[in-house]
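*Asks:* Below, each chain spelled out in residue letters.
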Amino acid sequence: MSDSETRETPPENPEALFLRASQLHAAGRLEEAKAVIQAMLATTPNHAGALNLLAIIFGQQGDLGRACDLVAQAIDHDGANPIYHRNLCELRRQNDHAASAMEAGRRAVALAPEDLVARMNLAMAEQDALALEAAVANADFVLARDAENGSAHFLKAQVALMQGAFAEGWEEYRWRWKIPGAERPHPAGNVPEWDGATMAGTLLLIADQGFGDMIQFSRFLPWARERCDQLVLACPRDISDLMRRLVPEARVVTELNAAKDVAAYEVFSSLPGLAGTRLGSVPLADGYLTVDPVRQSRWHKRLAQLAPGPNRLVGLVWAGRREHRGDRMRSMPLAAFQPLLALPGVTYIALQKSEPVAQIGRYFGPAPLINLGPELEDFDDTAAVLTELDLLVSVDTSVVHLSGALGRPAHALLPFRPDWRWLLGRSDTPWYDSVTLWRDEAPRTRPATVARLAEFLAKTWEVSAVA
Amino acid sequence: MRCCDLPPVALPMAEHARVLDGVLEKWQETHEISQADADERPLLAILDLASDHAGALRALYARRATHGLASAADALLVRFVSHHPNDIWGRCELALRSLQRGDLGGAESQARSAIRLAPLSPQTHGIVGLVLLEQSRGHAAEFHFRRALELSASRDPILLARLGTALRQQSRLNDSREVYAEADAQVPGNFEIVFGWARTEEAAQNFERAAELFEQACRLAPENMAVRISLAELLARIGRREEALEGLAKIEDTSGSALMTRGRILDRMGRHDEAFAAWKQGKAQYVAAGGQTYREGEVAAYLNRLRGFYAAHRLRNLPRAAVAAGEPQPIFIVGFPRSGTTLVEQMLCAHPLIAGGDELPMIHNLAQAAPHLLNSPLSYPEALAELWMGDGQEGLEVLRDQYLRGARHLRAYDPSRPWFTDKMPLNETHLGLIGLVFPASPIIQLVRHPLDVVLSVFSNQLTHGYHCAAKLETAALHFARISELVMSYRAEMALRHLMLRYEDVVTEPEASIRRVSDFIGIDFDERCLRFTENRRYARTASHAQVTEPLYNRSAFRWRKYREQLQPAIQILEPTIKRLGYDI
Chain A
5 MSDSETRETP
15 PENPEALFLR
25 ASQLHAAGRL
35 EEAKAVIQAM
45 LATTPNHAGA
55 LNLLAIIFGQ
65 QGDLGRACDL
75 VAQAIDHDGA
85 NPIYHRNLCE
95 LRRQNDHAAS
105 AMEAGRRAVA
115 LAPEDLVARM
125 NLAMAEQDAL
135 ALEAAVANAD
145 FVLARDAENG
155 SAHFLKAQVA
165 LMQGAFAEGW
175 EEYRWRWKIP
185 GAERPHPAGN
195 VPEWDGATMA
205 GTLLLIADQG
215 FGDMIQFSRF
225 LPWARERCDQ
235 LVLACPRDIS
245 DLMRRLVPEA
255 RVVTELNAAK
265 DVAAYEVFSS
275 LPGLAGTRLG
285 SVPLADGYLT
295 VDPVRQSRWH
305 KRLAQLAPGP
315 NRLVGLVWAG
325 RREHRGDRMR
335 SMPLAAFQPL
345 LALPGVTYIA
355 LQKSEPVAQI
365 GRYFGPAPLI
375 NLGPELEDFD
385 DTAAVLTELD
395 LLVSVDTSVV
405 HLSGALGRPA
415 HALLPFRPDW
425 RWLLGRSDTP
435 WYDSVTLWRD
445 EAPRTRPATV
455 ARLAEFLAKT
465 WEVSAVA
Chain B
888 MRCCDLPPVA
898 LPMAEHARVL
908 DGVLEKWQET
918 HEISQADADE
928 RPLLAILDLA
938 SDHAGALRAL
948 YARRATHGLA
958 SAADALLVRF
968 VSHHPNDIWG
978 RCELALRSLQ
988 RGDLGGAESQ
998 ARSAIRLAPL
1008 SPQTHGIVGL
1018 VLLEQSRGHA
1028 AEFHFRRALE
1038 LSASRDPILL
1048 ARLGTALRQQ
1058 SRLNDSREVY
1068 AEADAQVPGN
1078 FEIVFGWART
1088 EEAAQNFERA
1098 AELFEQACRL
1108 APENMAVRIS
1118 LAELLARIGR
1128 REEALEGLAK
1138 IEDTSGSALM
1148 TRGRILDRMG
1158 RHDEAFAAWK
1168 QGKAQYVAAG
1178 GQTYREGEVA
1188 AYLNRLRGFY
1198 AAHRLRNLPR
1208 AAVAAGEPQP
1218 IFIVGFPRSG
1228 TTLVEQMLCA
1238 HPLIAGGDEL
1248 PMIHNLAQAA
1258 PHLLNSPLSY
1268 PEALAELWMG
1278 DGQEGLEVLR
1288 DQYLRGARHL
1298 RAYDPSRPWF
1308 TDKMPLNETH
1318 LGLIGLVFPA
1328 SPIIQLVRHP
1338 LDVVLSVFSN
1348 QLTHGYHCAA
1358 KLETAALHFA
1368 RISELVMSYR
1378 AEMALRHLML
1388 RYEDVVTEPE
1398 ASIRRVSDFI
1408 GIDFDERCLR
1418 FTENRRYART
1428 ASHAQVTEPL
1438 YNRSAFRWRK
1448 YREQLQPAIQ
1458 ILEPTIKRLG
1468 YDI
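Residue numbers (my numbering), protein chains in the order written: chain A, 5 to 471; chain B, 888 to 1470.
Honestly, the hints are just simulated from the structure, not real lab data.
One should not assume that every hint holds.
To be verified - Taking lysine to aspartate or glutamate and the DMTMM-like style, the derived pairs with C-alpha atoms no more than 25 angstroms apart in a straight line are:
(1) A:357 - A:253
(2) A:463 - B:1397
(3) A:463 - A:394
(4) B:1464 - A:67
(5) B:1358 - B:1371
(6) B:1464 - B:1371
(7) A:357 - A:233
(8) B:1167 - B:1120
(9) A:264 - A:212
(10) B:1358 - B:1469
(11) B:1137 - B:1110
(12) A:463 - B:1410
(13) A:38 - A:73
(14) A:305 - B:1281
(15) A:182 - A:35
(16) A:305 - B:1120
(17) A:305 - B:1214
(18) A:305 - A:212
(19) B:1447 - B:1412
(20) A:305 - B:1284
(21) A:463 - A:444
(22) B:1358 - B:1160
(23) A:264 - A:245
(24) B:1464 - B:1360
(25) B:1358 - B:1183
(26) A:463 - B:1395
(27) A:357 - A:379
(28) B:1464 - A:359
(29) B:1167 - B:1130
(30) A:357 - B:1371
(31) B:1447 - B:1160
(32) A:305 - B:1288
(33) A:463 - A:392
Unchecked claim - To give an idea of the chain A side of the interface with chain B (calculated C-beta under 7 angstroms), a few residues:
(34) 168
(35) 171
(36) 307
(37) 309
(38) 310
(39) 312
(40) 313
We put the CB at the ideal spot given by N, CA and C, even for glycine.
Could you build all of it, start to finish, from the sequences and the hints given here?
*Replies:* Here it is as structure tokens:
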């Protein structure tokens, strides 16, 4: 027997493995970190720190259910550690379980009352559960100890705006750039921010945040145009033609550095605050965007080919960008539209883009569903199609904003905790006259919301659902 | 080398040929073609000296054909035609042999050449008619049979019988019956006439008369298996199942056909284990007899190429054909064989605005012909890349017009009706091509429980789907693959597409047809629900069923065969769930 065969490699010390996994995780090498942790847990399955780290990794990889289970196991083995409770709070919140997230958050705060991260996690869970007073109280607790905490200010902004307190909301909304990781777009050089007053020279306005925000806030562009000599708009190519038609005298660029010699700049999302917008003074709610007539003609012909019958044409969007922070709450599978898809006399026109389009291949419902997504090049195409439809049904995506901005009828499906711009408790919106809101009455009750909308449409159209 | 693959050599001088003619004449005087031990050396010697010698080639061909040496006979005949392209006999003979082999394209090419050589020959018209009959192109076949009768200035009973078939294919059953009666009056007791007549009576649902004629045909040709199987099927259809089984038991068949029929009858009698065993044995016989089987790798590669080509980023840059003005437009009824396409077609064809086109081969043919039509060095689907070229922009209109020309030739449409059906099963393999060439045409896709479909496919002899029906497992595999392909087409491109469940059609026919009518954009017509009154003859395996009122005994029939279907269930489980069915 050789020497090498008689010697066995001693098992590595669990703490050394844990340290190595933590270093790999900090370096962003998640899969390697996961492998080390899993190897470690094979011999020391009750190591709370390892369970917690593994939970964080799964959470980062999007497997939130598993992440919650793991961190709950960590708590089983070391329930006195407030970090685990605050992590559980945030993971459950991300997994759209706000009520149980609040429970975990309260335990974390009880164990570590001065832990500001735990406070913010709890406040965000409370915000998701629409326990808004409690959420603001916790945000205030944080601000009393850290007055420049961007997340706490932003939470207060969202709550105020959601409650229709726009004056307070816009003020707090300015803190959004202080949220860790947030970066305010700005032109090169030392260009001052615009204060909303009439000015001489060129004003640069930069389209920021998601496409929905850009479309929603673009209603203020005519107002801004009146307050400067020249207006330059920097926006993505996808909406550039819509913006050109909205403000024909503005110069539109699709590269920020193409804007030269500007006297001041601002981002689109600051415009409602600068304009002093209040609940009763939202401008252009009846629509402000227009359609390119060439595109309209092309899509009119295309839809006449694809859906010429007597059926109503209803646009459908079931998912937004996956990268959106609230996507888990707002997006839904196409299959969840079943009550709508059972309505007779309707042809659905899918305006869905990106990966969720693949769900159409697995759709076998009774209504015809025409997949237009692959043919839509930009928002000009989508706008032209929207003018051909009887209405749009969509989760909270940019297409709802586009439909509203065109003055076209739309039904928006909102999660229990909606984005601030949809306010609370109402089925209409001051931002768009033509948009009707359908809210989940409790977290994760989307099927019931879809059923209510289907029932409403069936009644409106005087039809019965196909079995 | 003498008979199969001899390279062309310099032609002999005329005087030498005359000498060789003499040798041949002498051989023919002393030998019979059919004589097994005849001395062939003089014939071979002639061909050694003159490889193109017409007489020797014909004689040697006749001997090989008579003695069942098919490939040698075929090679000799091809050689004869290549040396004597203007010889009418050669063209006609090669057309008939191609027909026997099932090479319909080859047969058509030779038959057309023959008619070009001899446009006033009744024989060439008769052969072209026969080829067209095999292609189910009854209207064009009728023309040639009528021309043959006219040119021969006679009422040849066999030509009349074939004319009867051509008329039956066009659903002109009374006309068909009349010509059969005329032929039978001339030559009472001719097998071909009686058998064809029986089929016409069956199509007309005169079952008792059809049974009498089938029985007569059986007596005329007791060794003919096809007629005895047809009789058994008819007897089963009219409820005389025991009798049908008895008849089948007497058939000595090695192709599997009789067993397949036996299985279907047992199935109707509720004897499921015996039925499945018969099908299994029938399929084994079919394969053992050299029947074609599914070429898994080849098919997978082709389907992957289709999936790869029809991708959103590529399709965005491809044009769509315009709708041909003033022409009726196709409604594509697609689905795996046995998923209810024939039923839905029969229902829709009862609508006054829709003509019944039946199973049209043109979409498949378009895919085959696309490289040629688009002037591409690539094969389909890659040949569609020509559409990106400056001079290829109208390529899709070329394909569209080719399709419509084919439909016109097949009399698939009626100019007075704005729509016609194309219900070729498995046309969903080409959903992408349909979407490009006919973007405004409704596509109605029949979906049925995959296990019911696979069971039904397995219980029939079908060639659709690259012969996947040869085995249960390959039928299941092809179903799963096509389902994946359809999923990809639907995710990647805009199609005017409606899913229709067979189970809904049989349980809620009115709601289903209303949905389809709305989708097409026509008013619902109650005649669609009384489709059995429509005596249109559909040329498919499902025809006997769709001439009966709607029944749902076939829905979820697979449950009776759950054990036997285990190999298919393993393959199809994800597909079944995706389609929304249970196991």
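*Asks:* For each hint, tell me whether it holds in the structure or not.
*Replies:* Against the structure, the hints come out as follows:
Pair hint residue 357 of chain A plus residue 253 of chain A does not hold up; C-alpha atoms about 31 angstroms apart against a cutoff of 25 angstroms. Distance check on the hinted pair: residue 463 of chain A and residue 1397 of chain B sit about 22 angstroms apart at the alpha-carbon level, within 25 angstroms; holds. Distance restraint check for residue 463 of chain A and residue 394 of chain A: the Cα-Cα separation of roughly 16 angstroms lies within the 25 angstroms cut-off, and the hinted pair is therefore satisfied. In summary, the hint linking residue 1464 of chain B to residue 67 of chain A is supported, as the alpha carbons are separated by about 24 angstroms, within the 25 angstroms threshold.
The straight-line distance between the Cα atoms of residue 1358 of chain B and residue 1371 of chain B is roughly 20 angstroms, inside the 25 angstroms bound, and the hint therefore holds. For the hint pairing residue 1464 of chain B with residue 1371 of chain B, the CA-to-CA distance comes to about 13 angstroms; that is within 25 angstroms, so the pair holds. With a C-alpha separation of about 38 angstroms, the suggested pair residue 357 of chain A and residue 233 of chain A falls outside the 25 angstroms cut-off, and the hint is violated. Taken as a hint, the residue 1167 of chain B and residue 1120 of chain B pair is honoured in the structure, with Cα atoms around 19 angstroms apart against an allowance of 25 angstroms.
A hinted pair counts as satisfied when its Cα atoms are at most 25 angstroms apart, and residue 264 of chain A with residue 212 of chain A qualifies at roughly 19 angstroms. In summary, the hint linking residue 1358 of chain B to residue 1469 of chain B is supported, as the alpha carbons are separated by about 23 angstroms, within the 25 angstroms threshold. The hinted pair formed by residue 1137 of chain B and residue 1110 of chain B meets the criterion: a straight-line CA distance of about 11 angstroms does not exceed 25 angstroms. A distance of roughly 23 angstroms separates the Cα atoms of residue 463 of chain A and residue 1410 of chain B; the hinted pair therefore holds under the 25 angstroms criterion.
Proposed proximity of residue 38 of chain A and residue 73 of chain A is supported: the alpha carbons are some 16 angstroms apart, at most 25 angstroms. As the CA atoms of residue 305 of chain A and residue 1281 of chain B are separated by approximately 18 angstroms, the hinted pair is consistent with the 25 angstroms bound. Distance restraint check for residue 182 of chain A and residue 35 of chain A: the Cα-Cα separation of roughly 31 angstroms exceeds the 25 angstroms cut-off, and the hinted pair is therefore not satisfied. The suggested pairing of residue 305 of chain A with residue 1120 of chain B is violated, with an alpha-carbon distance near 51 angstroms, which exceeds 25 angstroms.
With a C-alpha separation of about 18 angstroms, the suggested pairing of residue 305 of chain A with residue 1214 of chain B holds against the 25 angstroms cut-off. Pair hint residue 305 of chain A plus residue 212 of chain A does not hold up; C-alpha atoms about 34 angstroms apart against a cutoff of 25 angstroms. Note on residue 1447 of chain B and residue 1412 of chain B: the hinted pairing is violated, with a Cα-Cα distance of about 36 angstroms set against a maximum of 25 angstroms. For the given pair, residue 305 of chain A sits about 17 angstroms from residue 1284 of chain B by alpha-carbon distance, which is consistent with the 25 angstroms threshold.
Of the supplied pair hints, the one linking residue 463 of chain A and residue 444 of chain A holds, its CA atoms being roughly 20 angstroms apart against a limit of 25 angstroms. Among the hinted pairs, residue 1358 of chain B with residue 1160 of chain B is consistent with the structure: their alpha-carbon atoms are about 17 angstroms apart, no more than 25 angstroms. Straight-line distance between C-alpha atoms of residue 264 of chain A and residue 245 of chain A comes to about 20 angstroms, which keeps the hinted pair within the 25 angstroms bound. For the proposed pair residue 1464 of chain B and residue 1360 of chain B, the alpha carbon gap of about 18 angstroms is at most 25 angstroms, so the pair holds.
Annotation: proposed proximity of residue 1358 of chain B to residue 1183 of chain B holds, straight-line Cα distance about 12 angstroms (limit 25 angstroms). Using a Cα cut-off of 25 angstroms, the hinted pair residue 463 of chain A and residue 1395 of chain B holds, with the two alpha carbons roughly 23 angstroms apart. Proximity of residue 357 of chain A to residue 379 of chain A is assessed by CA-CA distance (about 10 angstroms); at most 25 angstroms being required, the pair is judged to hold. As the CA atoms of residue 1464 of chain B and residue 359 of chain A are separated by approximately 21 angstroms, the hinted pair is consistent with the 25 angstroms bound.
Between the alpha carbons of residue 1167 of chain B and residue 1130 of chain B the distance comes to roughly 22 angstroms, so the proposed pair stays at or under 25 angstroms and holds. For a cut-off of 25 angstroms, the pair hint linking residue 357 of chain A to residue 1371 of chain B stands: about 20 angstroms separates their Cα positions. A hinted pair counts as satisfied when its Cα atoms are at most 25 angstroms apart, and residue 1447 of chain B with residue 1160 of chain B qualifies at roughly 9 angstroms. Distance check on the hinted pair: residue 305 of chain A and residue 1288 of chain B sit about 21 angstroms apart at the alpha-carbon level, within 25 angstroms; holds.
With a C-alpha separation of about 23 angstroms, the suggested pair residue 463 of chain A and residue 392 of chain A falls inside the 25 angstroms cut-off, and the hint holds. Proximity of residue 168 of chain A to chain B is violated relative to the hint, the smallest CB-CB distance being about 41 angstroms (cut-off 7 angstroms). Taking 7 angstroms as the C-beta cut-off, the interface hint given for residue 171 of chain A is violated, the closest approach to chain B being about 46 angstroms. Using the Cβ-Cβ criterion of 7 angstroms, the hint placing residue 307 of chain A at the interface with chain B is not satisfied: the shortest such distance is roughly 10 angstroms.
Interface restraint check: residue 309 of chain A against chain B, minimum CB-CB distance 4 angstroms, threshold 7 angstroms, status holds. The restraint placing residue 310 of chain A at the interface with chain B holds, with a minimum CB-CB distance near 5 angstroms, inside the 7 angstroms limit. For residue 312 of chain A, the suggested interface contact is upheld, since its CB lies about 5 angstroms from the closest CB of chain B, less than 7 angstroms. Among the interface hints, the one on residue 313 of chain A holds; its C-beta lies about 3 angstroms from the nearest C-beta in chain B, closer than the 7 angstroms criterion.
Hint violations for this structure: numbers 1, 7, 15, 16, 18, 19, 34, 35 and 36, all remaining hints satisfied.
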